[in-house]
Each structure stands twice: as structure tokens, then as C-alpha cells.
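Student: Note that the sequence shown covers residues 1 to 468 in my numbering.
Do not take every clue at face value.
Stated by the list, open to error - Derived Cβ-Cβ restraints for the label pairs, each shown as a range: (1) D32 <-> Q390: 29 to 39 Å; (2) T371 <-> D3: 43 to 53 Å; (3) G39 <-> D3: 16 to 26 Å; (4) D98 <-> P236: 24 to 34 Å.
Just so you know, these hints were derived from the structure itself, not from any lab.
Ideal placement from N, C-alpha and C gives every residue a C-beta, glycine not left out.
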Amino acid sequence: MTDLSMLGAHELVAGFRSGTWTPVDALNSALDAVRRLDGAVNAITMLDEPAARGAAELSARRWRAGEPVGPVDGVPLTVKDMVPTRGWPTYRGSNLVDDTGPWDVDAPFVARLRESGQVIFGKNTTPEFGWKGVTDSLRHGVTRNPWDPGRTSGGSSGGAAAATALGMGTWSVGTDGGGSVRIPGAFSGVVALKPTYGQVPIYPASPYGTLSHIGPMTRSVTDCALLLDVIARPDPRDWSAMPTHPGSYLDGLDSGVSGTRIAFSPDLGTGRNDPEVEAAVRAAVDVLREQGAQVDEIDLRIADPVEAFHTLWFTGAAKVIDAYGPGARERIDPGLRSAIEEFGDRATAADYLDAVAVRADLGRVMGELHTTYAALLTPTMPIAAFPAGQPAPDGWPSPLWTSWTPYTYPFNMTQQPALTVPCGFTGDGLPIGLQVVAARHDDAAALRVGRAFEQATTWHTQHPPRTR
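Go ahead and model the full structure; you've got the sequences and the hints to work with.
Tutor: What follows is the structure, given as C-alpha cells:
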């Protein structure tokens, strides 16, 4: 029997169209995966089976009548519990959020998911207010890696990554303010894209400002492009949203990379890689060369923008927490409180403007790079997943998440599209990710390079154990 929970969206929809199976069957398969597997990873914060079954049955009727509302009608999925969903609480991983609501608004991308006929059946875990690169919270506990529950799934979209990897939904949607879809994407062995800022509208506005992006998390680059088509639609509530991409991100996706000039920086001049990560990423670069790309290893020695990032990030975090009134800081993740006190409270207006200037200069450097190269390749992460429930790898010099994510947060500062695709495994079976970065507004280039790699390899077809 076909396991519908692990099919790609295009395969699932082909079965809806032919009548081989229905959206109700697909939902049942996803829910069965949740019942069997979520106890080991803790990726799901809530389920609404009655509402989901109603939506799946309506979709099944549309397919029987030959009148689906779109190309992904009936696909089951979850969304990260950082974004408003009408009728459901949005806790953002925090005990500061109570149950009173009102819960009467959909975020823009959630509205687009509903309009496309998809079946949203639950929400998944996040650290408190999405503040760090692992997923654990005082409210929902520790989220674990689908390949090894003793390891972290990454964060902050760690629940979305683990759910997607295990078939607890065909795909998911996460948020990314410093690597939050790409970190867990790499650690959990799934595809994840941080699109160009503004490509997917955001509402309410993120407290992390224009660092924050919304991105698809899938099991293939093709599905990633398909889901981006759905969520990258206009919404009047986001004043900073970009014009809608003309056509489809599937257009030209399979055209390959022959003759494409690509840069490769193994460390951006600021990082240091585990040898197994370095070897896997270099092998991935060789695959793209074999596909006809001209890949140049470059000595890209950017100044690490981490201090500027901290100023931008933690001043936003401070505003979030302080909005909950006196005593709120005593009730939050101690790591978040410590970082706010160190970076958020001490920042002056001049510090903030200096950080913006650092960001602008980094954007200039990357803009000039992309006058020569269609894409930049890096490791997504310099390490594989480390033990769950801790903020950093054992023996790491700093517990702060930015200390071990040197290749993700710079591209939130520049607002470029950045894609992670699986490119190998460590000796103990943990996934490794390749990051593909493209010029602002050229998300299609990042997807095309990722797809060319995917077509030439089988890493994305390997899935974690599902027999727990």
C-alpha cells in the first residue's frame, strides 16, 4: 500500500485527480503519522481533527466534481505556532500568552493556504517567540530530531522541520529571522527556503522587523517551489511586501545549471566546519560542476556582522517581552532574558543606526558578488545536530545560537533568498545541508540550482525511521 504521508504534493494531487485516493485518505495518513511518531519528537502543539476532516471532505467533493480550487487542493499540512491562525490560539512557545484571544485573524500566508484548499490540521513547536536556533520552550518542552531523538531538530522552526521529515503533513511553513527555516532544515534533512524579504507578506509585522521572512519547508525543491507559488501572493496588510512574482516558480525549475556561474565559499571567512560537513559540501559542489555549472571557490572574507545582528535582533525581542508588562522577564526562557539584558537593553539609537549601516554595507558586498555569480554556495550549518535540550554543542565557547550559525543570519541582514537542500550524512547518520544563496528578487535562481543538485542525487529521497 502507498504511504500517502510521504508522497510529494504533486504525487498526492495526481492521486486526487485520478480518484486513486482522496484528501480524506491523505489527512488520515498524516494524522496516523502524528499518532505514531510525534511522541518521539514533540513537533505538534495542537491538532484540530474535526475542522481538518471537514476541510478534507469539502476538498474531496471538489475533486469528485472536477472542480478543485487550485493545484494543491486537499494537501494536508501544519504551520508554525508563531503566526495567527483563525480559531486557534497562537502561543508562540510562551507562557506569557494566555488563552483569551481573540483568535480571529489569519496571517497572510495562512489565508492563502485556506484559499488554495489545503487542509491545515495543526500547529507545530517553536522556542519562545522564535528567538533561538533550537526548539525548546518552557511551554511546550523539547522538540527532537527525527533522525535521532537524542539530538536537536534545530530552530526556531524545529517543529515544522521534524513534522515534515516524518510525514506529519506533506509540508509546512515556518518563519526565518536568522536561519529559522534553514537551521532545522539542515539538521532534520528537509528542504527549506528563506525567500527574498517581502516575497511572502507578513502580518502582524514581526518585532524583528525586516530580518524576518516566511518560508516553505518541504521534502523536495519542486514542492518548495510549488508551495512558494501559493504563499507568495499579495496581501494589503503588509506595507513592505514586494510585487508578486510573475508566473510560477516551477517555470524553468528543471532547466539545469549548464553554463551558470556559481561562487563557493566554504566558510564566508568567519566560520569553521566539522570535517564531515566540509567533505559533504565539497562533494555537492563537485556534483554541480558535473552538471555543467562553472563553480569558483572564492575567498569571501566578509566582516562578521554578528554584533550588528544582535543589536537588531534583541532590541526587537526586548520590545516583545516588555509589552507583557512588569514581571514578564522573570517568566521567560532564561537564555532569552540574558540576551535581552546584554544586547537589547544596552543598545542606543546610535548603536541601532550603526547596525543598519553594517547591514547596508553587507548588502552592497553581496550585490556586487551577484553581478558575476548567479548563486553562492556555502554549508548551511558548520556542524550536524547536537544533543537536544541544550543551547549549543558540548564544549562550545558560547551558548548563544549565533555562535554556531555563521552562515544563516548574514542573509537575513541582506534579505537574499537562501535555500537549504540535503547533501549528505555524517558517519552517525545525521543530515548535512548545502545552502544556495541568490541575489535579492532572484528566488528562482536559488531554486533552480537546488533542483539541479537534487536531480543528480538521492539525498532528498532518504527519510528518517518511521517505525517508532
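Student: So which hints don't hold here, by number, going up?
Tutor: none
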